[in-house]
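Note that the protein sequences, when read in sequence, are chains A and B. According to numbering that gives the first Met the number 0, the first sequence is numbered sequentially starting from 0. According to numbering that gives the first Met the number 0, the second sequence is numbered sequentially starting from 0.
Fair warning: there could be bad hints in the mix.
In silico SDA-like pairs for lysine to any residue, Cα to Cα no more than 20 Å straight-line [said to hold, decoys possible]:
(1) A:Lys35 <-> B:Leu215
(2) B:Lys111 <-> A:Thr4
(3) B:Lys404 <-> B:Tyr328
Among chain B residues calculated to face chain A with C-beta under 7 Å, some are [unchecked claim]:
(4) Leu5
(5) Gln56
(6) Ala57
(7) Ser64
(8) Ile65
(9) Arg107
(10) Val279
(11) Asp508
Listing some non-contacts, in silico: residues in chain A with all C-beta distances to chain B over 12 Å [said to hold, decoys possible]:
(12) Glu20
(13) Asn27
(14) Gly28
(15) Glu32
(16) Asp48
(17) Ile52
(18) Ser53
No wet-lab data here; the hints were simulated from the structure. The C-beta atom is built at its ideal place from N, Cα and C for all residues, glycine as well.
Next come the chains, spelled out residue by residue.
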Amino acid sequence: MQKATIQLETLTCPSCGQKIENATKSLNGVEKESVKVLFNSSKVKFDFDAEKISVEDVEKAITALGYEVIKSQVKAK
Amino acid sequence: MQRFILSKKNQIAFISAILIVIGFTGEMAFHNETVAIGSLAIASILGVAPIAIQAYQALKVKVVSIDVLVTIAVVGAFFIKNFEESAIVTFLFLFGAFLEQRTLNKTRSAIKELMEMAPESALKRMENGKFEEVEVDEVDVGDILLVKTGAKVPVDGTVLSGEGHINEASITGESVPVSKRKDAGVYAGTILENGTLQIIANRVGEDTTFGRIIELVEEAQDSKSEAERFIDRFSKYYTPAVLVLGIIVWLFSRNIELAITILVLGCPGALVIGVPVSNVAGIGNGARHGILLKGSEVIGDFSRVDAFVFDKTGTLTIGNPQVAEKEIYTADVDEVLAYLASVEHESDHPLAKAVVEHIGDTKLYLVEKTEVVKGGGIAAQVDGHRVAVGNVALMKRENVHLSEKARNDIIRFEKNGNSLVLISVDNELKALIGIRDQIRPGVKENLQKLKKLGVKNLVVLSGDNQGTVDLVACELGLTEAHGHMLPEDKSAYIEELKTKGHIVAFVGDGVNDSPSLALAQIGIAMGSGTDVAIETSDVVLMNSDFSRLPHALGLAKATANNMRQNIIIAVGVVLILLASLFFSEWMNMSIGMLVHEASILAVILNGMRLLSYKLR
Numbered sequence: 000m001q002k003a004t005i006q007l008e009t010l011t012c013p014s015c016g017q018k019i020e021n022a023t024k025s026l027n028g029v030e031k032e033s034v035k036v037l038f039n040s041s042k043v044k045f046d047f048d049a050e051k052i053s054v055e056d057v058e059k060a061i062t063a064l065g066y067e068v069i070k071s072q073v074k075a076k
Numbered sequence: 000m001q002r003f004i005l006s007k008k009n010q011i012a013f014i015s016a017i018l019i020v021i022g023f024t025g026e027m028a029f030h031n032e033t034v035a036i037g038s039l040a041i042a043s044i045l046g047v048a049p050i051a052i053q054a055y056q057a058l059k060v061k062v063v064s065i066d067v068l069v070t071i072a073v074v075g076a077f078f079i080k081n082f083e084e085s086a087i088v089t090f091l092f093l094f095g096a097f098l099e100q101r102t103l104n105k106t107r108s109a110i111k112e113l114m115e116m117a118p119e120s121a122l123k124r125m126e127n128g129k130f131e132e133v134e135v136d137e138v139d140v141g142d143i144l145l146v147k148t149g150a151k152v153p154v155d156g157t158v159l160s161g162e163g164h165i166n167e168a169s170i171t172g173e174s175v176p177v178s179k180r181k182d183a184g185v186y187a188g189t190i191l192e193n194g195t196l197q198i199i200a201n202r203v204g205e206d207t208t209f210g211r212i213i214e215l216v217e218e219a220q221d222s223k224s225e226a227e228r229f230i231d232r233f234s235k236y237y238t239p240a241v242l243v244l245g246i247i248v249w250l251f252s253r254n255i256e257l258a259i260t261i262l263v264l265g266c267p268g269a270l271v272i273g274v275p276v277s278n279v280a281g282i283g284n285g286a287r288h289g290i291l292l293k294g295s296e297v298i299g300d301f302s303r304v305d306a307f308v309f310d311k312t313g314t315l316t317i318g319n320p321q322v323a324e325k326e327i328y329t330a331d332v333d334e335v336l337a338y339l340a341s342v343e344h345e346s347d348h349p350l351a352k353a354v355v356e357h358i359g360d361t362k363l364y365l366v367e368k369t370e371v372v373k374g375g376g377i378a379a380q381v382d383g384h385r386v387a388v389g390n391v392a393l394m395k396r397e398n399v400h401l402s403e404k405a406r407n408d409i410i411r412f413e414k415n416g417n418s419l420v421l422i423s424v425d426n427e428l429k430a431l432i433g434i435r436d437q438i439r440p441g442v443k444e445n446l447q448k449l450k451k452l453g454v455k456n457l458v459v460l461s462g463d464n465q466g467t468v469d470l471v472a473c474e475l476g477l478t479e480a481h482g483h484m485l486p487e488d489k490s491a492y493i494e495e496l497k498t499k500g501h502i503v504a505f506v507g508d509g510v511n512d513s514p515s516l517a518l519a520q521i522g523i524a525m526g527s528g529t530d531v532a533i534e535t536s537d538v539v540l541m542n543s544d545f546s547r548l549p550h551a552l553g554l555a556k557a558t559a560n561n562m563r564q565n566i567i568i569a570v571g572v573v574l575i576l577l578a579s580l581f582f583s584e585w586m587n588m589s590i591g592m593l594v595h596e597a598s599i600l601a602v603i604l605n606g607m608r609l610l611s612y613k614l615r
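So here's chain A without its partners, still in its complex pose (with noise of 0.2 Å):
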């Protein structure tokens, strides 16, 4: 299991956060309880399973709802 924190361009509209936490949510390997989307700080963390998925993919995810990945971290959990 790991952890990841994707830091984004600042979000701006009370939704976004809704879409993002929805969107990373239903990724396959995502582990749904531990979705946190930080509104403020435009951040999205959540633990997830590296065999079947990486970070890379979610970010796909994010970019595709159309808000712009800065950088992401993944630490071992």
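Chain B: place on chain A using the hints.
Chain B in isolation, oriented as in the chain A frame:
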């Protein structure tokens, strides 16, 4: 393609504006219908593009967002050939988003300042023994780093070699540089003002004290109180409900205009953003002043505090007691003092340290069979004698007879606000020492400010005797003082206050007063940036500066007020909009969107007022 359009939202808004102006000029000045309709139509299509994309993305993840409502409304307007409305609505929406982004950025600026203080690079010793610059993320625990003069310490660590002076203001608030040499601990984010240090990394990145403070501030800004969680749940169902309402109205009235206007007016934008904005601004202000309010639930509770309970030693007082007076009941002064020093030498208790310091250099005897009596003192064998050092309770336990003179002295000492240390040798009282701890400078004024902010009860609890506590209470203007309190007594007292319906804030030492800190609704630990203080406090005074307390309380109250104001603005606006829709003629989509965006901005700007809050 989608990304491209989304990234050009601001330009699109700008072009829309121009096209709208062209359109209106065309119609009004030149009575040229075609130009008007043409440019407005183009403006609408351009404008709705990014909004529609966002709506589509939202629907893909099963979220009915404001974008969905606006897109349907605009398409509807297009359908009924009302290009004016569609153009204006899209423009206002985009422009509003632009303004929101600018103002929100300002609101979040406080934490950005904090993050900028974070170190970015470090000089790491590589395998070849040389030091190379690496990104601070690449430093692991156990790495050896070089810190040069003027540089920021990159991680929490221990000094291996070298010496210098470090400015630790960013962590402890102490502006006087601290001298560091071998085996000293250093914090990430502090600045090495002179000298050179080689350190070994103990904690890196998020685990450093600095990293944890930032993380706590971020989480606090996003922490949701009951009210906010309710609003979130509410808006999840509310937005689709507005959509359904719009459809129903259309089905019943066949009035597309009315239906789509409802879609636009119903958006809950201001409500959803109103409370978090106040939260962020309030916490940001706090962070700038060395105060960390851990979330909006904490802000709410803290703003309603009516009883402040203080621990005495180390909180109200400096925690550096000194011997103030003494009475010796024997001729062998030197011997007694030597025994006393020997026993007290073993103890870490501040009173013991004061005694040792006062006595100074003396012969130290071997102390054996040490028995620590909780709440009493120490009994031991010294030089063949049974020596007991402690308070009056301990003397009673040891069956030491107290002469009338001794008892009078004890009363006198207590009246003078002394903590007492008595020493008996072979069950005979030999000496009485009075120790006083100085009150921290400025505490009196700060407590007055707290009273001005509406705190009715200021209480001091202490393990010291009642006399000392009473004196402190008198001098500082406290409402209640309780001495002879063991840690259990303190937490029991807080429990009692809570049962009586008070909202209690407890200010104490992070290590010893954990139960009390946990029990009180608001726990404030004075711990100078130690882990325990940061973890256990609800309100962290980042540099244990007592004078921040009034600001913290005032800020919490101001923030709570601000949140209420924003909720009133948001709800009020929606109600007014809906009422005027049904009861007046002039409400239409454009005006509705204008008012909607204005309310969002109003709420954000109101929140921003908190950034500049200062206690008068």
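Confirm or reject: glycine 28 of chain A is not an interface residue toward chain B, with every Cβ-Cβ distance exceeding 12 Å. Glycine 28 of chain A is indeed farther than 12 Å from all Cβ atoms of chain B, at 17 Å.
Agreement of hint valine 279 of chain B with chain A interface, Cβ distance less than 7 Å
Holds, about 5 Å.
Hinted pair lysine 35 of chain A and leucine 215 of chain B, Cα distance within 20 Å: holds (14 Å)
**Request:** Taking the shortest Cβ-to-Cβ distance between glutamate 20 of chain A and chain B, state whether it exceeds 12 Å.
**Result:** violated (9 Å)
Fill in: Assertion that asparagine 27 of chain A lies farther than 12 Å from chain B (Cβ)
holds (14 Å)
Quick check on the hint: glutamine 56 of chain B CB to chain A CB, less than 7 Å?
Given a least distance of 5 Å, the restraint on glutamine 56 of chain B holds.
- Task: Mind checking the CB of arginine 107 of chain B against every CB in chain A and telling me if the closest is under 7 Å?
- Result: holds (6 Å)
Per-residue hint verdict: serine 64 of chain B, partner chain A, C-beta under 7 Å: holds (4 Å)
- Query: Taking the least C-beta to C-beta distance, is isoleucine 65 of chain B closer than 7 Å to chain A?
  - Reply: holds (6 Å)
Isoleucine 52 of chain A: least C-beta distance to chain B exceeds 12 Å? holds (16 Å)
Exclusion check [serine 53 of chain A not at the chain B interface, CB over 12 Å]: holds (19 Å)
Next item on the list: For the pair supplied as a hint, lysine 404 of chain B and tyrosine 328 of chain B, confirm whether the alpha-carbon distance does not exceed 20 Å.
Entry: holds (10 Å)
Consistency with the previously given hints fails for numbers 11, 12, ordered from lowest to highest.
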